[in-house]
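Colleague: Residues per chain, in single letters:
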Amino acid sequence: MDFALTDEQRMIADTANAFFAEGATSARTRAAMDAGGLDRELWRAFCGELGLGGIAVPEARGGAGLGMVEFALVAMAAGERVAAIPLLGHIMATRAMRDDARAPLAACLAGDAIATAGEADGEVIADDSSVTAIADFVPHGAVADHLLLLDGGRGWRIALGGPGVTVEPRATMDATRPYARIALDRAPAHTIPPDAVRQARAAGLLCLAAEATGGTQAALDATVAYTLERQQFGRPIGSFQAIKHRLADRKVDLEQARSAIYWAACSLDEGTSDAGTAVHAAKAFCADAFTRMAADMLQLHGGIGFTWEHDTHLYFKRARAIAAMMGSSAWHREQVAAALLDRAA
Amino acid sequence: MDFALTDEQRMIADTANAFFAEGATSARTRAAMDAGGLDRELWRAFCGELGLGGIAVPEARGGAGLGMVEFALVAMAAGERVAAIPLLGHIMATRAMRDDARAPLAACLAGDAIATAGEADGEVIADDSSVTAIADFVPHGAVADHLLLLDGGRGWRIALGGPGVTVEPRATMDATRPYARIALDRAPAHTIPPDAVRQARAAGLLCLAAEATGGTQAALDATVAYTLERQQFGRPIGSFQAIKHRLADRKVDLEQARSAIYWAACSLDEGTSDAGTAVHAAKAFCADAFTRMAADMLQLHGGIGFTWEHDTHLYFKRARAIAAMMGSSAWHREQVAAALLDRAA
Amino acid sequence: MRLGFTPDEQAFAAECRDWLQARMHGDFADIRGIGNLVAKPERRRDWERRLAADGWSCIGWPRQWGGRDATLTQQVIFAEEYARAGAPNRLNHMGVELIGPTILAYGTPAQQARTLPGIAAGADIWCQGYSEPGAGSDLAAIRTRARRDGDEWVIDGQKIWTSLAQFADHIFVVARTAEGSRGRDGLSFLLVDMRQPGVEVRPIRQINGEAEFNEVFFTDARCPADALLGVEGQGWEVATALLGFERGVSTLAQQMQFRNELDAIVAQARANDAARDPLIRQRLAESEIGLQLMRYGALRMLSRASQLEESAAALTYKIQWASWHRSLGELAIDVAGQAGEILDGPDGGYGPLANLYLYSRADTIYGGTNQIQRNLIAERALGLPREVRGDR
Amino acid sequence: MRLGFTPDEQAFAAECRDWLQARMHGDFADIRGIGNLVAKPERRRDWERRLAADGWSCIGWPRQWGGRDATLTQQVIFAEEYARAGAPNRLNHMGVELIGPTILAYGTPAQQARTLPGIAAGADIWCQGYSEPGAGSDLAAIRTRARRDGDEWVIDGQKIWTSLAQFADHIFVVARTAEGSRGRDGLSFLLVDMRQPGVEVRPIRQINGEAEFNEVFFTDARCPADALLGVEGQGWEVATALLGFERGVSTLAQQMQFRNELDAIVAQARANDAARDPLIRQRLAESEIGLQLMRYGALRMLSRASQLEESAAALTYKIQWASWHRSLGELAIDVAGQAGEILDGPDGGYGPLANLYLYSRADTIYGGTNQIQRNLIAERALGLPREVRGDR
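Chains as they are written, first to last, in the working numbering: chain Y, 4 to 348; chain E, 4 to 348; chain Z, 25 to 416; chain L, 25 to 416.
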């Protein structure tokens, strides 16, 4: 047992942080928000120059051969900058493609093709080679080339350029990750085995939790800096105890969120029996912590944080989106409760 | 519409406050805690000299002919001092006895007999003249002479001195209102009509909510006084913003609790259609507000509030007891939700 | 203490209801239920004038100035019927509810004659020039200056967070008239015409993409010498008195808007089965209870404003409604789920529930943040020590 | 970053488990699962001695002083197996986990030889003399004095909230040795024998009716001159260093106690059907998640205590566990319902769930209130301005 990051893990985190700090600027993100929510140049650099597109994919399949801990560090870095990249769908889809020799994995890892994932809403009709379904809220669905469609324990890979596919872009509150409604009408589909479906979903939940934790860090940093600078009643507002205590509580949240990420990521990598609970816990806790922090960021910035020009709303809306995606916090807690209460007394 | 207290109502409140401030001292309450939770002398004075035992009973039945608003003012005053009196069972039972000519109302109003009320736990077997049941948590059950037994919409009046009655006193966390377990085995019983049952339960819930509101007031006053006096780091702790803001939130709670009491009491007196919702709302809100205030009282008093000698625990335990009696806050909110959601769209 | 209405009051309620329902299902049906504050401003000006024409513009004002001398209960009844009918937010809330009563209290007969008829007639829309950049909730930090130039005041400075300034004809401005003064001293309260070259309005785009709030720049803006309300240097007192009217009967109208919002959430919850979720049900109940307690709290404030106990209710009201409304926004978006995040509202904007979620975040900030409110409550209602200023 | 144990570590775990289970189902079965800190003190002294006899008293200490030089992971394993077996709270927690390591760090060889064997052997029980009446969490406000008298220090003053003082043989005392000194200056750290006429212990009856805490009065109490740990005037530093050991491996043992408490609540919820209430289920899940996050937070702290990021985890740990435990107490009584309020525990005292409810209220007070913790986090981890003292 050694629950500290290795030197290599720290290096990966540093590299990713530097990459997004330089590349995912507010100006570029806002430009991407007007262009389908995708900063394609940033994404290509992430996959290509940085080589992080395949961080958690085995070397034999063209990846870096690392694990979920390393991926989580990268996702936290992306979340810190609210980067407009299709990381969520990418990790889910590529996770599902790992053991699928015919999957377009190389193009996805290189950033040449964009993969995404979405849950089916309503009834799904599938046979060996095609699927009929609707997915209402597919992240980055309008710019994606491949879709991993999930329905409970079942999954399919679908080429979005193929027949029987209708993609309807949807203007979305979090414009850094807009949804699309994808309707499939006997679209050609490749079936994904249940274990890969499970792993894809776990990776997606971890991605959201890690993005949330990165977002919490960035929002806390920005708010601390603002409260030190902003004067009211002749003092920096950060000297008022009510504000100090509020931010202290968010720091306590943040430290717990980090523990949640490491627990979930390690459990997935090591395949422990509580990995499912760990992932549910991480999604619920980290999404809630980010929601609280983003709300405090808005409140403590006062009027300026309520303007479109300030970046506060990017974090506020991202927090909302994460909280609602792939199951609410209450739903994930219910899964934890079920595991706890069903455990032999 | 005039939602201010009348001069007469203010006078009743002042009288009750003065009575309990003088009579329900910490020393007397603590003595009562070792004597079945009953300060019989105080109760006799309340009923007799003050004549408040029949405040909400019609003059024709020997009462003062006032209503639930006036009763709530008195219950708030009793709650402020955590008085060890059987007010809860009394108001429920006497409410149910109003239209029952054979009931021992006069003795109860005079304070010579003590009436209480309790919910049946488990199955109730009843015929025209007797009842078999168990009531697990009857407030002041061990010192009571008459029991109003409730089971859903049904109710019975039982003389506890009669045959088929077993009363087992129970040491209770809130020793100012200890429970008894009362087992009835074909005990002679007088049936109470459903409307009287409903009114008795509403009066009981209002009593608890009003006691909670009085308790909130007293706990807030005591805590404000303590934080002004107690020095830490060379300042009164009440000058620290975190403490100021915490107590401000409790003041906001308190004002809302008062509104809840007046709403519920007026609605009962005027028989409005939302009276049921008002009573559920008052119980849930006021119990929760008191729970928060009592917790803060303990926290902000520091170590001293954690000692048996200090009165903090009397409020803390009373708050707990009120929260658990006659349905949890969540249960009462669920009733409000049901009324809201079942309302025609 | 009595909740019920007398037969006379019931008759008045019927009169209000009949008139409002007829309009909202007749010639003004196109603006029924509009919650959005910046939509259809011209139609809302029409509506202000129509209210005035039929005597409903400012029923609490004296008859002399176009009101009806309505009793408190009548005002309560009208406010509630108004919102119940889905009549739109008053474009001239600031005029009718805030500056009008303040001019009645502090204005000279000449000032009253000059300003009140335009407000009563629904012709003159007013806005509020209090907040400044950098000053936030700290009125004493105001830097906008006004200097005397012959028969006029000349105003230079900047206001911010000025709600609906883009539609307003007049603005009331707190400015520093005593050169070199600090804090609360040396401020005066001026009534200024917006339609002049020295006044420039720049909308502030908000997180929901719309612009209710504005910056207002004053560059050699002018008003007559006798547009100063009260006496020179009395600005703090007048400004504070005006804020007191915010807790008037209009709070009940606001609450009925809240009721309409809660009803919309309930309807959504029924439609998408969120109403079957026990956790959502708890929160719906909390919202319902909170709204009722606001109502009865407001009735306590209004019924006997002078009683000590009631003034505490007044002091706690801002944080109560602001926090309640912010929570309602959170409930709205949770009930809506991911569908609530799709921009499918009119003109491609947010739908009403998402807009409520975003917009309600401002409530705990403007008009004194929750933090400021807690200070006030702790110091004024509980007698706890004042916060230390850094600059004293 | 790795969670799993090596085969060697697994073997060690088995050794711990076997020994502990044998004792807890054998000659010490009568104190298995005792959560109450004041029950059966004599048997718990026996237990301390038995741990020592078999080499389990202080496995993290050096072999030279009766320990096993256990690795961090071994300590983690033992702590968790200890609590899992239902072994009782250590009566000598203060000796083994706090003063022992402090004496190892600051003690002279002679002091170490005089004190450590008694602790390691389970013979000498220690308690902590920090808090004073009126000083609360403010260590700098200490007023207990110690003056030099020949070869001895003579101590006068009063300590309060001294946990388990009624069972202790020794107390470590922070006292003012420089006359007229203020604040952190002029304090020294003394090792004092409780068994002398100048030391009087008065139990404090708590809201749950029991008395874990005490007042300790010093009236001409004495200790040898060389019972001063560190150097004269270094008391603040030594006292603070000792508090650092509170975040050691013993946190994991505490967490396993918490796990036992949560298990008891789960069992109660299953028994009375509270487990079917969706709201209770949410809170049970929150408790479970919070406990797991404490565990992994502690492992982060312990695995690389020197890393910057980890020190923030250490700074936030007290408020985290204290608030978690207080919430657990609230959940316990809510799950128990009214039945939980009946005093049906052993000796007519509170049952375990009610006791947890009451007792856990102290957690957010002692050892630095939540308010103090938030100040520390804001100032040290976030760099926000320090609170203004009133007396400077």
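Hints in this document: simulated from the structure, not taken from any laboratory.
Since this is a predicted model, take the numbers as computed values, not measurements.
It is possible that some hints are incorrect.
On the chain L side, residues computed to face chain E include the following (Cβ under 8 Å) [unchecked claim]:
1) R300
2) L303
3) G391
4) T393
Distance windows between CB atoms, simulated [claimed, not checked]:
5) Y:G54 <-> L:N284: 46 to 54 Å
6) Z:T30 <-> E:A186: 50 to 58 Å
7) E:V168 <-> L:N284: 52 to 60 Å
8) E:L231 <-> Z:G59: 40 to 48 Å
9) Z:R206 <-> L:A202: 27 to 35 Å
10) Z:N284 <-> Y:R13: 52 to 60 Å
11) E:A186 <-> L:N284: 53 to 61 Å
12) Y:R13 <-> L:V412: 45 to 53 Å
13) E:W311 <-> Z:N284: 50 to 58 Å
14) L:A249 <-> E:A24: 43 to 51 Å
15) E:L231 <-> L:R172: 51 to 59 Å
Just so you have them, the derived chain Y footprint on chain Z, three or more residues with Cβ under 8 Å [as the list claims (entries may be wrong)]:
16) 219-232
17) 384-397
Don't be surprised by glycine CBs; every beta carbon is placed ideally from N, CA and C.
Colleague: All the hints need checking, so say for each whether the structure fits it.
Modeller: For each hint, the structure was consulted:
This hint is violated: R300 of chain L has a C-beta 13 Å from the nearest C-beta of chain E, more than the 8 Å allowed. At its closest, the beta carbon of L303 of chain L sits 5 Å from a beta carbon of chain E; the interface hint therefore holds under the 8 Å criterion. Hint status for G391 of chain L: violated, given a least beta-carbon distance of 11 Å to chain E, over 8 Å. A cut of 8 Å between beta carbons decides the hint on T393 of chain L: the least distance to chain E is about 7 Å, and the hint holds.
Checked against the hint of 46 to 54 Å, the pair G54 of chain Y and N284 of chain L passes, with Cβ atoms roughly 48 Å apart. At about 53 Å, the CB distance of T30 of chain Z to A186 of chain E agrees with the hint of 50 to 58 Å. At about 41 Å, the beta-carbon gap between V168 of chain E and N284 of chain L misses the expected band of 52 to 60 Å. Judged by the Cβ atoms, the range 40 to 48 Å given for L231 of chain E and G59 of chain Z holds: they are separated by roughly 44 Å.
Distance hint check: the CB atoms of R206 of chain Z and A202 of chain L are about 45 Å apart, inconsistent with the given range 27 to 35 Å. Between N284 of chain Z and R13 of chain Y the C-beta distance comes to about 54 Å, which sits within the given range of 52 to 60 Å. A beta carbon spacing of about 35 Å between A186 of chain E and N284 of chain L contradicts the range 53 to 61 Å that was offered as a hint. Remark: the range hint 45 to 53 Å for R13 of chain Y to V412 of chain L is contradicted by a beta-carbon distance near 38 Å.
A hinted range of 50 to 58 Å holds for the C-beta pair W311 of chain E and N284 of chain Z, which are about 52 Å apart. One distance hint, 43 to 51 Å for the beta-carbon pair A249 of chain L and A24 of chain E, is violated here, with the actual separation near 57 Å. In this structure the supplied range 51 to 59 Å is violated for L231 of chain E paired with R172 of chain L, their Cβ-Cβ distance being about 40 Å. Requiring three or more residues with a Cβ within less than 8 Å of a Cβ of chain Y, the coverage given for the stretch 219-232 of chain Z holds, as 4 such residues are present.
For the stretch 384-397 of chain Z, the proposed coverage by chain Y is satisfied: 8 residues have a C-beta within less than 8 Å of a C-beta in that chain, meeting the threshold of three.
In summary, the numbered hints that this structure violates are 1, 3, 7, 9, 11, 12, 14, 15.
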